[in-house]
Each structure stands twice: as structure tokens, then as C-alpha cells.
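Peer 1: Read off the chains here:
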Amino acid sequence: MIRRIAVTALIALGLAAAQTGPARAEAVIADLSKRLVAITTGFAGTDVLLFGAVDGKGEVVVVVKGPIGRLDVRRKARVAGIWINRDTMTFTNVPAFYSVSTSAPLAQVVPTALALRSGIGARFLDLTVAPRQPGAGQRCSRALDAESVKTANAVVKALAPFCEALLRNKMRDGLYLPEGQVTFLPGRKLFRTTIHFPANVPVGTYSVLVYVVREGQIVGSQTHPLVINKTGVEAEVFDFAHRQSAFYGLIAVAVAAFAGWGAGLIFRKQ
Amino acid sequence: MRDRAFDDHGRTRAHRYFMQIYLPIAELSVDVFLLLGLGGLVGFLSGLFGVGGGFLMTPLLIFIGVPPPVAVGTEANQIVASSVSGMIAHWRRQGVDFKMGAVLLGGGLMGSTGGVFLFEYLRDIGQIDLVISLAYVFFLGTVGLLMLLESVRSAVRRRGGKRRKLHRHTWVHGLPFKMRFRRSKLYISAVLPVCVGASVGVLAAIMGVGGGFLMVPAMIYLIGMPTAVVIGTSLFQITFVTAYTTFLQATNNQTVDIFLALLLLLGGVIGAQLGSRASARLRGEELRGLLAVMVLLVCGKLLFDLIATPDDLFSLSSGGVGGHR
Numbered sequence: 001m002i003r004r005i006a007v008t009a010l011i012a013l014g015l016a017a018a019q020t021g022p023a024r025a026e027a028v029i030a031d032l033s034k035r036l037v038a039i040t041t042g043f044a045g046t047d048v049l050l051f052g053a054v055d056g057k058g059e060v061v062v063v064v065k066g067p068i069g070r071l072d073v074r075r076k077a078r079v080a081g082i083w084i085n086r087d088t089m090t091f092t093n094v095p096a097f098y099s100v101s102t103s104a105p106l107a108q109v110v111p112t113a114l115a116l117r118s119g120i121g122a123r124f125l126d127l128t129v130a131p132r133q134p135g136a137g138q139r140c141s142r143a144l145d146a147e148s149v150k151t152a153n154a155v156v157k158a159l160a161p162f163c164e165a166l167l168r169n170k171m172r173d174g175l176y177l178p179e180g181q182v183t184f185l186p187g188r189k190l191f192r193t194t195i196h197f198p199a200n201v202p203v204g205t206y207s208v209l210v211y212v213v214r215e216g217q218i219v220g221s222q223t224h225p226l227v228i229n230k231t232g233v234e235a236e237v238f239d240f241a242h243r244q245s246a247f248y249g250l251i252a253v254a255v256a257a258f259a260g261w262g263a264g265l266i267f268r269k270q
Numbered sequence: 001m002r003d004r005a006f007d008d009h010g011r012t013r014a015h016r017y018f019m020q021i022y023l024p025i026a027e028l029s030v031d032v033f034l035l036l037g038l039g040g041l042v043g044f045l046s047g048l049f050g051v052g053g054g055f056l057m058t059p060l061l062i063f064i065g066v067p068p069p070v071a072v073g074t075e076a077n078q079i080v081a082s083s084v085s086g087m088i089a090h091w092r093r094q095g096v097d098f099k100m101g102a103v104l105l106g107g108g109l110m111g112s113t114g115g116v117f118l119f120e121y122l123r124d125i126g127q128i129d130l131v132i133s134l135a136y137v138f139f140l141g142t143v144g145l146l147m148l149l150e151s152v153r154s155a156v157r158r159r160g161g162k163r164r165k166l167h168r169h170t171w172v173h174g175l176p177f178k179m180r181f182r183r184s185k186l187y188i189s190a191v192l193p194v195c196v197g198a199s200v201g202v203l204a205a206i207m208g209v210g211g212g213f214l215m216v217p218a219m220i221y222l223i224g225m226p227t228a229v230v231i232g233t234s235l236f237q238i239t240f241v242t243a244y245t246t247f248l249q250a251t252n253n254q255t256v257d258i259f260l261a262l263l264l265l266l267g268g269v270i271g272a273q274l275g276s277r278a279s280a281r282l283r284g285e286e287l288r289g290l291l292a293v294m295v296l297l298v299c300g301k302l303l304f305d306l307i308a309t310p311d312d313l314f315s316l317s318s319g320g321v322g323g324h325r
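Protein sequence lines correspond, in order, to chains A and B.
Heads up: the first sequence begins at 1 in our numbering, then just goes up one per residue.
Heads up: the second sequence begins at 1 in our numbering, then just goes up one per residue.
Rather than coming from a laboratory, the hints here were simulated on the basis of the structure.
We treat Cβ as the ideally placed atom computed from N, Cα and C, and that holds for glycine.
You may find that some hints are simply not true.
Covered stretches of chain A (chain B as the covering partner; in silico rule of three or more C-beta atoms under 8 Å from a C-beta of chain B) [as the list claims (entries may be wrong)]:
1) 40 to 52
2) 70 to 77
3) 80 to 90
4) 100 to 110
5) 160 to 172
6) 245 to 254
Please build the complete structure, drawing on both the sequences and the hints.
Peer 2: Given below as C-alpha cells:
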């Protein structure tokens, strides 16, 4: 009996060693200043601090991804002198928010081959054309890559302006951030970076991915969830409006009618 | 941990001096005083000119960044408030023809139902913003020009003024389903008021307006109602049609923001009182000319936005309801 337990323990230990050893999962350790961002009445954007330590050499890459969803990209065209939405391309796998920060220029730290494989960098995201439209299943990472687009067909080439537009519009809205910086403290062991979330940040569960990259290979990584949600009265109003919309509508009408009636009374007396 | 000038809510210090409020349905932060000011301004104008103000408020909300569907849905809600007290006041003075009001309302409910479903469809195919803008350009342009002409003409011949005949017989009187409207002193077909009500209902759903600017002239010139009951009866119809529209927008499109409506209302109530006091000191045609110029300015800005080459030909939208933008 005792022997059996000892054997099991030894095997478990061995397995644990085998797992941690070659993959060097503990090459990086990091944490966030907040795990929960609450959007309240006065919300005007917020900063979250990420700090950590790396074991050994390597550059640090911090990726923040918002909730994944579908997104329509629409192109306007001039019809009878007026600009109207004409072509629509729907993408899936679109993170609502995206930022990448690095301790050295991204292009140097993450070569194209690794970027394509790991999806690090906005241009290498897994943005996919949704089913039932021309080019369904094609990816932006291919359309946007100068090398692979050369050999691509017309459908993929036509995709590029929509992919560019998606990234450009997201940048303008402050939801895809320009490349940020990870700062090392002297000794190159401890690092920190600030992630800025703008006032219009979408709610949901975000993932914060911290990578250690050495010679074009990821040698360690860690993932942290980060929840952004509405709290307080706003959240309740939003939920109420969506879950019990009929009741919400009745209340909206009642409040308005009562307010109008009350205002009429007050000013008549004066 | 707190490495910059942030307080407990993550706001920078500068923001404390403003009162940002997060609007839960519009999903954006706006300065409270901006909204109160907007409500006050439009309220002042509506008190000054005796108009509803919805047709000015909805475009202004769009200009400050409120998504057009939310601007339209919320404005319908605000109009409920601004028309209810007027309706009660006219009711006291016997200024409401309830029978005519009910017929107009019947048409209004049909029009509004159709309008909200049309709204939903247009939103799904990504053309709602365009249709809202086009509708505004068309109606503001037409009404503004007519008013401008009218006020110029009446300024030219101030003394003149011919009296309208009490009853004119036109094709309108040949329509079936005749009804007697005692207070309006009319015996006419119900088809006409139903159609007038229905067109106003569609506008309430798509443009977020009460539709008084369209209904009042139609009631006077088309239906031939006496002016004493026109305003009260139109307010009666507007109150119930906008209430119904608010309910439909809330259930179908979730585009009614109570916070936004209340803030606009607060400013609007005060502004309307100041405006009606100020209107006593200005002459009628000057007022109308001023309103016409303003209506045309708003129309011009909307038209410019439709025609000018946009900075970016591409735009994003989540397509579904309640998603991120």
C-alpha cells in the first residue's frame, strides 16, 4: 500500500518536472494592478498597470485582447451625389480591443514567421471573413502580409482594403492601440507597462497575455483574465433595458409623462 | 500602484471639474452640463416659437456623438414629457377634439408600428443613419424654406391678410367613411385624418419627432379644422403616439436612454418657460424668420455631411443589437 503511494507520488513528481522543465513555463511571472475594471457614471477611461519579472534573457511582449465577436466593415460609395454604405464585409474572430506592448521594437522581437504563427500584432490577428460571402474563411493576416499576398488570388487581394479599414477605424476609436512599451527596471529582471482603456471600452472578459521571446521563439508565457463591466445604476439600467425591455419601455413612458405633468404643475403655480 | 494623477474612479484630475455622466444605452460619456444646456437651448426655442423641438434636438444629439438610433428613440421619449403638460393645459380650455384625436391616433399607431419595424430593418442592412439624415434634410429643408418665404411675404405686406373660408369643398369631401366631429364642426371622411396620423406616426418612429410641424398645417389646410382645437388635438395625438413609439423602440431596438431623456427634459422644461416669456417681446414674423434660418442651418449641416467626401470611406458596425460598436 505504502509502496504504491510512493510510486504514484514519484510518477506525479516526474510528470510535473517533465512539464515544467523543457517548456520553461515559469520563465515569466506577472500580475495586474486591477483584475476588474468597473464602468461607473463618471467613467472616462482608465489605466491598468502590469508588472512582473522574467527569468533569464529575452524580450517581453504584452498582448491585451478584448472579447471576440463579429464585425461588419462597410464601404461607402457615392450614389447620386450622396455617400451611402454599399459594400459590406463581415469578419469573425474580431477582438473588440487589442493592444501590444514590447520591450524592444515589435518587428525585431517578433519576426514575421512567429507573428503569423502566434497572432501577435494587430496585422497578424486571426480576423476571418464570415461564411456566406465572397472570400469566406480567408484571413486578414494573409491579405495584409506583403509576401503572401503576392501569390494570393483576387478575392484575397480585394480583402486587403477592408482589413486595413478595420484596423484603421479601431485605431481611431482608441480600441486598437499603437505599439506600447514595456519598461525594464535596471537589472533587466523586473518589468512594467501601462495599458490604457478609453472611455468607450467595450465590456466583457479580456485576456492579458505575457510572452517572453528569445531569438524569435516564445520561451515562456502567462495569461491573466481581466474583466471590464458596467457596475452600479448604469449596469442595472442596461441589463434591465435588454432583459425586460417591455417593462423598461413602460417605465420610460411613465417617467416622462409624470415629469412633464409635474413640470407643467410647477410652472403654472408661479 | 497609482502612478499618475488618477483618483479612485480612474479619472484624471481634470475630469473632476466637469460632470461626466455615462449614458447606459447610448454607451458614451457626456458632460452633464452639455446635455442640460442642449435641453435648455432647444426648450427655449420651442417655448419661443411654440414648436415641439424634436426636429432640432435629434440632429443636435447626433452632432454630439449619440448614435442616431438612440437619438431617435430617446427623443420620442422626451417628447412624451414635453407634450403631456401642453395637452393637459389645452384640455382644460376645451381645446381638444377627442374624437378627431382618437382617429388621428388610430392612424398614428399604425404608422408608428410600421415605422419601428422599418427602422429595425434599415438598421439591419446598415442604412438607418442614411435614412434618418435624408428624412431630416428633406423635411427641415422643405419646412424651413416654406417658413422663410411665409415670413418674408408677411413682413412685406403686414397689413393685408385675407380670411379663410370656413368650408371649402374639395376632392377630400368625396371620400367614404364619413364621420361627424362635433367640436371641430366637421362632417368629413375618417380616411383623411387616419392618413395624416399615420404619416406622422412613421416620422415619429424614424425621425424621433412629434410631427407637429407636419400635422398642424395638415389639420388646418387639409382637414379644415378650426385653429382653436388644432394645437390641443395635435398634442393629444403626439403624446400618445410618442408614448407608443417609445415603448416599441424600447422593446424592439433597445434604443431608449432614460438618463439622456431625463437630463434633456430637465433643461428643456426650464428653457421652455424662459422661451415663452421671451416670445412676448418679439414680433411674429421675425420669430418665424429666425426659426426658419435655424432650421435651414441644421438642414445644411446634415446635407453637407451627406455630400462631403468622408474622411474614411469605411465604417464599422457590430450589426446585431446590443453589441459593441
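Peer 1: Please write out, lowest number first, the hints stated earlier that are contradicted by the structure.
Peer 2: When the structure is compared with the hints, only number 4 turns out to be violated.
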